[in-house]
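Colleague: One-letter residues, chain by chain:
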Amino acid sequence: METLVTLLLALPIAGFGATALVGRRLGRQAFWLPVGAIVTAWAVGMVVAFSALTGQPPFTGEHGQGFGFSLYRWIPAGDFTVDLGLYVDNLTAALLIVVCTVGMLVHVYSIGYMEHDPGYWRFFAYLNLFMFSMLLLVLADNFLVLFVAWELVGLCSYLLIGFWYKRRSAALAAKKAFIVNRVGDLGFSLGIFAVWTTVGTLNFQDAFRGLDQKIAAGALEPWMVTGIALLIFTGAVGKSAQFPLHVWLPDAMEGPTPVSALIHAATMVNAGVYMVARANPIFAQAPEAMVVVAGVGIFTAILAASIAFTQNDIKRVLAYSTLSQLGYMFAGLGVGAFTAAIFHLVTHGFFKGLLFLGSGSVIHAVHEEQDMRKMGGLARRIPWTYATMLVGSLAMAGIPPLAGFFSKDEILGSAFRNGFLVVWAVGFVVAGMSAFYMFRMMGLTFWGESRVDPHVAAKIHESPWSMRVPLVLLAAATVVIGALLGWPLEGGTIHAWLDPLFEPARELLGLEHEAFGGLDVALVLASVAMATLGLAGAVRLFGAGAGRFRWPARLADRDALVASVPGARFLYRASVNKWWFDDLYHLLFVVIGGRAGAALRWFDERIVDGSVNGIATVTVAAGRGLRVIQTGRVQNYAMGIALGLVALTLAYLAGLFR
Amino acid sequence: MTSADLTALAPLLAVLGVAILVLAVDFVLPGRDDLAVALGVVGIVVVGAVTWATGGGVDGAIQSAFGGSYAVDAATTFLDLVFVVIALITLLVAPDYLGPRGLPFAEFTVTLLFAISGAFLIAGSADLLVLFLGLELLVLPGYMLAGFHKREGLSTEGAIKYFLLGSFSSAIFLFGLAFVWGFTGTTRIAEVAAALAGGPLGPGLAMGLAFLTAGAAFKIAAVPFHYWTPDAYQGSPTPVTAYLSTGPKVAAFALILRVFVESLGGIRAEWVGAIVVLAALTMTLGNLVALTQSNLKRMLAYSSIAHTGYILVGLAAFAAEPAGDPSRSGLEGILFYTAAYAFMNLGAFAVVSALQRRPGVTSEIGTYAGLIRREPVAAVLMALFLLSLVGIPPTAGFFGKAYVILAAVQSTDPAVVALAVLAVLNAAAAAFYYLRVVVFMFMREAPEGMPPVGLGGILRERRLFLLWTGLAAAGVGTVVLGLYPVPILEMVVKAAAALVAPG
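Chains as they are written, first to last, in the numbering used here: chain A, 71 to 728; chain B, 34 to 536.
There's no promise every hint is true.
Interface residues of chain A toward chain B, partial, derived using beta-carbon atoms under 8 Å [said to hold, decoys possible]: (1) V690; (2) V704; (3) L726.
Rather than coming from a laboratory, the hints here were simulated on the basis of the structure. Just so we're clear, the structure is a prediction, and the values are computed from it rather than from any experiment. Virtual Cβ for every residue (Gly too), placed ideally from N, Cα, C.
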C-alpha cells in the first residue's frame with residue numbers, strides 16, 4: 071500500500087518533470103506523457119480509495135482509522151520534527167475519487183480543448199503539477215505538508231488562471247487570486263503556529279488527541295480552541311472563496327475552461343471544506359466557531375446565488391453557483407453534518423466539473439464567445455453538449471434522482487434537525503434560486519432564438535470526441551452517484567463510509583442520529599417543490615415554449631415582472647454589480663490603501679531607507695576601508711599575522727579568553 | 034604491519050596508489066591527458082568506495098595503524114568522504130578549464146591526489162606529529178596548484194605569497210605543538226588530553242595555545258590571519274580556487290577537531306574566548322569586504338572567509354559548554370556544514386570556472402547579465418548554489434547554517450548566543466551580494482548581439498560532459514542535503530560522538 075500511495079504522488083510529478091523538460095519539443099504530441107501519467111494515477115487512486123472504503127488490509131482499524139506512513143523525516147530539528155507523512159482514511163478516499171476521476175477526465179478533455187494553443191505542453195505540465203499538489207494535499211498527514219500542498223495548489227491556480235498571461239485581464243485575475251488567498255493563508259499559518267505551540271506536534275492524529283487531552287485536563291481555555299478553529303477556518307475561507315474573500319473566484323474564470331472545471335470547481339476550491347472536515351475534532355471542541363462556519367457558509371450561498379441571477383458570462387454564472395454550493399458545504403460542516411458536507415463535495419465535484427466542461431464545449435462551439443447574450447438556440451447544433459449540460463443543471467437544481475438532490479437535501483435536513491432554522495430557511499430559498507439561475511443559463515444558451523453572430527453561426531460545430539467522452543462519462547456519474555451513495559436517505563453508503571470518522575465529533579456536539587421520518591419527507595418534498603418552482607420560473611421566462619401555458623399577466627413578461635415587485639430595481643442593480651464588493655474592496659484597498667501605501671512609501675523611502683542607506687553607506691565605506699588592508703605586499707601580510715599572533719598570545723596570557 | 038593496520042590504512046593507500054598510477058601512466062604515455070582524466074575520476078570513485086567499505090560505512094569500529102598513531106573512526110570516515118567529494122568534483126570540472134589553456138591535466142590530478150592524501154592523514158591522525166605530517170603533505174601540493182598557471186603573473190604571485198605565508202604559519206603551528214609536547218611529554222592525542230584534564234593553565238601552555246590558534250586560524254583563513262586568501266584565490270586557476278577554498282579548509286577544520294576538540298577539549302574553557310572573537314571578526318569582515326567586490330572570484334574568496342566564521346560559530350557553541358558536557362550539537366553543526374559547504378562552494382566556483390573566458394564572460398559580475406537567456410541551465414545552477422550559500426531552504430546551506438546557529442542559540446554562554454545573533458545578521462547582509470549576482474543573471478538583459486555561451490553539446494565534447502557531470506553532482510548534493518538531510522545527519526551524529534568519546 072505504501073508503494074501505491076507513493077506511486078500516486080510520483081506519477082503526476084514525474085509527468086510534470088518530463089513534460090517540463092521535453093514537452094516543448096513534442097509539440098502536439100506533448101499530451102501523451104502527462105495524460106498517461108494521470109490515467110495511471112487514476113487507476114492507482116481508485117485501488118487505494120476502494121481498499122480504504124471496503125476495509126481491505128491495511129485499512130482494518132476501528133472508527134474509520136486510516137493507514138499512515140512516513141516517506142521520510144523531512145525536518146529534524148531538535149523538538150521540531152516533521153515527517154513527510156501520508157495518511158489515507160475514508161475521508162481521503164472520498165476526496166481521491168473526486169480528484170482522480172475529475173482530474174483524469176479534465177486531462178482527456180484538454181487534449182481537444184487546448185489543441186490550438188501554442189502553450190500546449192506548458193498547460194499539461196501545469197495540470198500535472200496541480201494534480202501532484204492536490205493529491206499531496208489530501209494525502210498529507212500533518213499540517214505542514216498540508217500547508218505546503220495548499221500553497222502549491224495556490225501556485226498552480228495562479229499559473230493556470232494567468233495561463234494566457236499576455237491578456238491583461240488574465241494576468242490581473244491571477245494576481246487577484248494570489249493576493250486574496252494570501253489573506254486567508256496568513257490566518258491559516260497563524261492557526262498552524264497556534265496548534266504547534268499548544269500541542270507541540272503538527273501530525274493530525276497526534277495534534278487532535280493532544281488537544282482533546284489538554285481540554286480534558288483543563289489546560290486550555292475554550293476561547294483558545296475557538297481561536298485556533300477560527301484561524302484555520304480563515305485559510306478555508308480564502309481557498310474556498312467564501313465571503314468576504316469570495317471576490318477572486320469569479321475573476322479566476324479568465325483561465326482556460328478545463329482549469330475552471332478542475333481547479334475552480336471540482337478540486338482546489340474544495341480544499342477548504344476538506345480541511346475543516348479533517349480538523350473536525352478541533353471544530354467539535356469549539357461550537358462558537360462552528361456557528362461562524364455555518365453563518366459564513368450560508369451567507370455566501372445566498373449572496374452568490376443572488377449575483378448569479380444576472381450574470382451574462384456563462385462561466386461567471388457557474389463560478390457564482392460554485393461559490394454558492396461551497397457555501398452549502400460550509401453550512402453543512404457548521405451545523406455538524408460533516409458527512410453530508412463531504413457528500414455534497416463529491417457530487418458537486420462531478421456535476422460542476424461536468425457543467426464547466428460543458429460550458430467549455432459551448433464556448434468552443436461559438437468560437438470563444440462567453441457572453442450568453444450572443445448565444446441562444448444552441449440545443450440543436452450541439453446536442454451532446456446540450457444533453458449532458460441539461461443533466462448537470464438538473465442535478466445542480468436538486469431534482470431527484472440526480473446527484474445534487476441527495477446531498478443538498480441532507481445538508482438542509484441536518485440544519486433543520488440540528489436546530490439551525492435560519493440556516494435551513496436561507497438554504498431553502500437558495501435551493502429555489504439555484505434552480506432558477508441554472509435554467510436561466512440553460513435557456514439563454516440553448517433555447518429560444520439564436521443570437522449568435524451570423525459569421526460564427528455557420529461554423530458552429532460539436533466538439534471532438536476527446537471532449538465529448540469526458541462529458542458523457544461525467545454525466546453518467548452525475549446520474550448515478552447520488553443514488554449510489556445517498557440511497558436510502560440519511561443512511562446511504564456514504565454514511566457507512568464516513569460516519570464512523572465523524573462519530574466522536576458528533577458525540578461532542580451532542581448530535582443524535584435520528585431515523586429518517588415523516589418530518590424529513592416533508593422537508594424533502596418542500597425543497598423539491600422549491601427547486602421545481604425556481605426551475606419552472608426560469609423556463610417560463612427564458613425558455614422557448616412560452617405559449618403553451620397560461621400565465622397570469624403580470625408574470626408574462628420579464629420587464630413586467632421586474633416592475634411589479636417592489637425594490638426589484640435595486641436588487642437587480644445590486645446583483646449585476648455583485649453587491650459592489652469589488653468596488654468596495656477597490657475603494658478600501660486600492661484607493662484608500664493606496665493612499666496609505668503612498669504615505670508609508672514616503673516614510674519608508676525618506677526615513678527608513680534613509681537610515682538603512684546610511685548604514686549601507688557606512689558598511690560599504692567600512693568594506694572599502696578594510697580593502698585597503700589588502701595591500702598585496704607579502705611583508706605587510708606577514709606583519710599582520712605576526713601582530714595577530716602577538717595579540718593572541720597576550721590575550722591568552724592575560725586570561726582574556728576564559 | 035598486520036591486516037588490521039592495512040584496513041585502517043586502506044583509504045590512504047588507495048589515494049596514493051591512484052596518484053602514483055596516474056604519474057606512472059603519464060610517464061609512460063606522456064600527453065595522454067584524457068587517460069589521466071579517466072584514471073583520476075575512476076580512481077577517486079574507487080577511493081570513495083574503499084573508504085566507505087573499510088570504514089564500515091558510518092558506524093565502523095575504530096581501527097588503528099602504526100602502533101596507534103593513525104586511527105580511523107566515524108569522524109575520519111565522514112571527513113574522508115567529504116574530501117573524496119571535493120576531489121571528484123574538482124577533477125570533473127578542471128579539464129574544461131585547463132585543457133584550452135594548455136595546462137597539463139595529469140600533473141594536476143597527481144598533485145591534487147597527493148594533497149588529498151595529506152587531508153586523509155590529518156583526518157585520521159591520533160598523534161600530533163602524524164597530524165603535522167599530514168598538514169605539510171596537504172599544503173605543499175596546494176602551493177604548487179596555486180602556481181599551476183606558470184606563465185601567468187598573477188598565478189605565480191599568489192602562489193609565492195601563499196607559500197611564504199603558509200610556511201610562516203606552519204612554523205607557528207609546529208611551535209605550538211612543541212609547547213604542548215613540552216608540557217605534557219607526549220604527542221599522542223589521547224594522552225595529551227588525559228595529561229591536560231583538569232590541570233591549571235601555565236603561561237607556557239598559554240603561549241602554546243596562542244601559537245596553535247594562530248596557526249590553525251591561518252589554515253582556515255580566519256580573520257586576522259586571512260591575508261593570503263584573496264590573492265591566492267584570485268591568482269589561481271579557477272578549478273584550483275574551487276579546491277583551495279574547500280579542500281584545505283575542510284582539512285584544516287579536521288585538524289581543529291583533532292587538536293582543539295580531541296586533545297585540548299579538556300581545557301576548552303581556556304580557548305573558547307579566542308574562538309568567539311575569531312568567529313565574530315571572520316564573519317563580519319569577510320562579508321563586509323565581499324559586499325564591495327565586483328569580481329566573482331574575489332567575492333567568493335571573501336565569502337568563503339565568511340563561511341569559515343559560520344563554522345567557527347559551531348566550534349564556539351561546543352567549546353562554551355563545560356568540559357565533559359554530553360552535548361555535541363556544535364560539532365554536528367561543524368561537520369554538516371563542511372559537507373554542505375563543499376557542495377555549494379565547489380558548485381559556485383565550478384560555474385565561474387566553466388564560464389570564464391567563454392564568449393563575453395569573464396569573472397566580472399557585469400558579464401553575467403542576462404545569463405538566463407544565454408546559458409539557462411548554468412544560470413539556474415548558479416542561482417541554486419548562491420541561494421544555498423545565502424542559506425535559503427530547502428538547500429544544503431540552510432541546514433548547515435541552521436544547525437550551527439541552533440547549537441549556538443542553545444548555549445548557556447551569553448557571548449555565544451550573541452555570536453548566533455551576529456551570525457544571523459551577517460547571513461542577512463551576505464544575502465545582498467549573493468542575490469546581486471542572481472539579479473544580474475535573471476533580471477538584466479545581456480548586451481545586444483551576445484553570442485550564446487557555448488556550453489551545449491555535452492555529448493560531443495568529453496570535457497563538457499565531465500564539466501556538466503561535476504556541476505550536476507554539486508547541484509544534486511546541494512539539493513539532497515537540503516531536502517533529505519537525514520542520512521548525512523546520522524553519519525554526522527556518529528562522527529561527532531567519536532570525536533568527544535575516544536575509546
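Colleague: Please go over all the hints and tell whether each is borne out by the structure.
Modeller: Comparing the hints with the structure gives:
no.	hint	in the structure
1	V690	holds, 6 Å
2	V704	holds, 5 Å
3	L726	holds, 6 Å
Checked against the numbered hints listed earlier, the structure breaks none of them; every hint is satisfied.
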